[in-house]
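A.B. asks: All chains, full assembly: derive it from the sequences and hints.
From first to last, the protein sequence lines are chains U and Y.
Using this note's numbering, count along the first sequence one by one with no gaps and you end on 392.
Using this note's numbering, count along the second sequence one by one with no gaps and you end on 317.
One thing to keep in mind: the hints can contain errors.
As the list claims (entries may be wrong) - Subject to a maximum C-alpha distance of 25 Å in a straight line, what follows is the list of computed SDA-like cross-link-like pairs (lysine to any residue):
hint : chain 1 : residue 1 : chain 2 : residue 2
1    : U       : Lys251    : U       : Tyr232
2    : U       : Lys123    : Y       : Phe89
3    : Y       : Lys280    : U       : Phe203
4    : Y       : Lys280    : U       : Ile382
5    : U       : Lys206    : Y       : Leu282
Quick caveat, the hints were computed from the structure, so don't treat them as lab data.
Residue-level listing of the chains:
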Amino acid sequence: MNKMNIHIVKRDAVIWYKGFAVRAAAIIASLLVSAVVITLLTGKNPIEVYSSMISGAFGSSLRIWSLLQNVAVLLCIALALTPAFKMKFWNCGGEGQVLVGGLATVSVMMFLGDSLPYPVLLLVMIAASVLAGIIWAVLPAFFKAKWNTNETLFTLMMNYVAIQLVAFFLKYFVKSGSGILTPMPEHGLPVIFNQPYLLNIITVAVLTVLVYIYLKKTKHGYEISVVGESENTARYIGINVPKVIVRTLVVSGALCGIAGLILVGGTNHTISTTTAGGRGFTAIMVSWLAKFNPIYMVMTSFLIVFLEKGAGQISTDFRLPVAISDIVTGIILFFIIGCEFFLQYKILVSKGRKEND
Amino acid sequence: MLAFLVSSIRLGMTFLFGSTGETITEKSGHLNLGIPGVMCVGASCGCFAEYLYLTAAKANANYFLAVFIPIIATLFGGAVMGFIFSFLTVTLRANQNVTGLALTTFGVGVSDYMIAETGSIYSKGSRYFTTSLPFADDLGAIGEIFFSHGILIYLAIIIALVSAFVLNKTRIGLNLRAVGENPATADAAGINVSRYRYASTCIGCAIAGLGGLSFIMDYLNGNWEYCIDAIGWLTIALVIFTVWKPHLAIFGSLIFGALYIASSYITGVSFASKEIFKMLPYVVTVIVLIFTSIRDRKENQPPQALGLPYFREER
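C.D. replies: Right, dumping it as structure tokens:
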């Protein structure tokens, strides 16, 4: 009796254009599925819907600036998480680390804004946000290094502690009890060339290059890769694993703190419990989809922000619930996640031999 | 005080569904961070089914169908989410954290869309779910605490007890735990790792979905005003808090329910400090997590292969 046998075999490496083609195919397939879903749910023509998506992202210079700003923030958080991920330390606490960074910034702006000269204020803001981010990230790292406490769950919980901390301070700072803090643009980061977001974008661009160099060209980066691939190997060749874990999370937390500084000091000039807005989680996706490569992350974060902005525009243009954007984003993510399989493995189908050979 | 206890029980049992479901999933080595999304989708399916049924049946709606149909729809919705998760992580070998987070994005989108399209009020359907046992009123305080709840509350406890029994006393449970602890060994012993992971994730998600339904229909009395994803994250915390044991989760969920609503029952505390109270469940969870890892007792650890993929070829 002939049986069809299916083997799944690991590929060596995919040539870059093939990899690009598979990913592009996945995105197109996901857009087709989303189109079917949109038509079923709303009865609108999907082509119109997608063209409104593009205008939502690129339609005016204001929209493009806002797109770039959002890419910058998301990219910054993804850069922050990447060193930890390369070490297989699942830092799901970006949200919390960004929030405490922002909280530190806003506190400095509020209490020291009027008393310190502006340059000193800026330095204090940067130091405070970075320090806050580091504390939030190093706490789980310390326990992971010392007692192997599960870091995914620990960092997840720290997010909610941070959110409640912000909620507490908002009630505490704002005497009216409304919980809404008036923006303080006069104490924010400086505006260069009259473009409010330009400094943020440049900062993140510089950080991207720095993180790339840190991961690919330095001894620290090498140690991170070794610990990520195999802790036993790392120990065997004399790497102090707990030290690397804590040190990497210092970097991770500091960068998250900077993301908080950019969000609060350079963008909103105030804080709320939704300031991070789920970016701490989206950034995990950005980093993973880019295979932890900072340069690719520019593209993946751009893709995800484009989807969000575009989907937001769909809902205004067609008077659809904003939630449709989450549904579409979710479907597209499923496809992108799924397509990685075809890049890493190939499926061989062979006519099976006879059973009684 | 009585009202506080009753509310804690109603809220706690919502958590219990989620944590039982997530425990079953985690025992197979799957860390499903999509639970918030699963609960949203479960609740959406249940509420939508109830809406359809009540519109179709008008005045002829009977208690049995009005409860039964949404529960089946919820189980189905949750299981579909579980299937998506397993398909991506087991068959397509994707990363569990990333897949879970995508599932949450999708699920939150589905439920928000649902609220926007069909309205957020399901109080008509909610009446069926909050119908208490007939003799509750005659028993005073005891009746109020133990017998005044809707059907889902009792279902949560039954499911938790059955899960605890299956996990600890049956061969299926033993195999499942083996898959979560060491899939390679389980595979060598002839256990089908993929099948166990698929099944446990789908069943776990179906149960977790009921948590979403219970939160909307029972605890909120059908007024679905805000997204329920925060509840989902709390249930993941609860799994840790109860060290992966569904029977402990019955009490753990009561404590969580009480902590969660304590701030609105305590008088004489400032507005701001109430926010600190809401932090407590998470802080307590972190402490439990640290404590169990320091004590390092085998029976209180997370499943050893939690969050790790298993591919036979890469052993």
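A.B. asks: Given the hinted pair Lys123(U) and Phe89(Y), is their alpha-carbon gap at most 25 Å?
C.D. replies: Holds: Lys123(U) and Phe89(Y) sit about 23 Å apart, inside 25 Å.
A.B. asks: Regarding the pair Lys280(Y) and Ile382(U), is the alpha-carbon distance no greater than 25 Å?
C.D. replies: Distance of about 50 Å is beyond 25 Å: violated.
A.B. asks: Straight-line Cα separation of Lys206(U) and Leu282(Y) no greater than 25 Å?
C.D. replies: Distance of about 17 Å is within 25 Å: holds.
A.B. asks: Given the hinted pair Lys280(Y) and Phe203(U), is their alpha-carbon gap at most 25 Å?
C.D. replies: holds, 10 Å
A.B. asks: Are the Cα atoms of Lys251(U) and Tyr232(U) separated by 25 Å or less?
C.D. replies: Violated - the C-alpha atoms of Tyr232(U) and Lys251(U) are around 29 Å apart, more than 25 Å.
In the structure shown, a violation is registered for the earlier hints numbered 1 and 4, in ascending order.
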